[in-house]
Amino acid sequence: MADTSISGLTVEQAKEFHEQFKVTYTAFAGIAALAHFLVLAWKPWF
Amino acid sequence: MADIPRPKNPQDDWKIWLVVNPATWLIPILMSVFLLGILIHALLFTVSPYGAYWGG
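Sequence lines, in order, name chains A and B.
The opening residue of the first sequence carries number 339 in my numbering; numbering runs sequentially from there.
The opening residue of the second sequence carries number 149 in my numbering; numbering runs sequentially from there.
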């Protein structure tokens, strides 16, 4: 059984990167939700 | 074929990085999300009330 992963990252590196990925994605989704809410308040699209 | 346990998500989500190396693929992933967003907004602008704001 290979001890290195397909990507070459270790388990610790993968977990560490994923933590940052979740933070950044949550911030992106939050800002996008706020932007859509402001546009909705300005001019509803339905 | 060995009986491989099915992943439990979201607690196993991090394992994607054992397959996809972010040093190679993070920017392509971000660019494709950005491009998809641009395309979806461009499509919606053709049927939305906002075209008039831009003189459409």
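Since the hints were derived computationally from the structure, they do not count as laboratory data.
C-beta: ideal position from N, C-alpha, C; glycine also.
Hints may be right or wrong, so weigh each one.
[Unchecked claim] In silico EDC-like pairs for lysine to aspartate or glutamate, Cα to Cα no more than 20 Å straight-line:
id, chain 1, residue 1, chain 2, residue 2
1, B, K156, A, E354
2, B, K156, A, E357
3, A, K360, B, D151
4, A, K360, A, E350
5, A, K353, B, D151
6, B, K156, A, E350
7, A, K360, B, D160
8, A, K360, B, D161
9, B, K163, A, E350
10, B, K163, B, D151
11, B, K163, A, E357
12, B, K163, A, D341
13, B, K163, A, E354
14, A, K353, A, D341
[Stated by the list, open to error] Label pairs and their computed distance ranges (CB to CB):
id, chain 1, residue 1, chain 2, residue 2, range
15, B, A171, A, W380, 35 to 45 Å
16, B, R154, A, W383, 15 to 25 Å
17, A, E357, B, T172, 12 to 22 Å
18, B, I177, A, A371, 35 to 45 Å
19, B, I175, A, K381, 12 to 22 Å
20, B, S180, A, V361, 17 to 27 Å
21, A, S343, B, V195, 37 to 47 Å
22, A, A367, B, F193, 17 to 27 Å
23, A, V349, B, P197, 31 to 41 Å
24, A, W383, B, D151, 26 to 36 Å
[Unchecked claim] With the Cβ distance kept under 10 Å, some of the chain B side facing chain A (calculated, not the full set):
id, residue
25, I164
26, W165
27, V181
28, Y198
- Query: Are there hints from earlier that the structure breaks, and if so, what are their numbers?
  - Reply: Of the numbered hints, 3, 5, 16, 18, 19, 23 and 24 do not hold.
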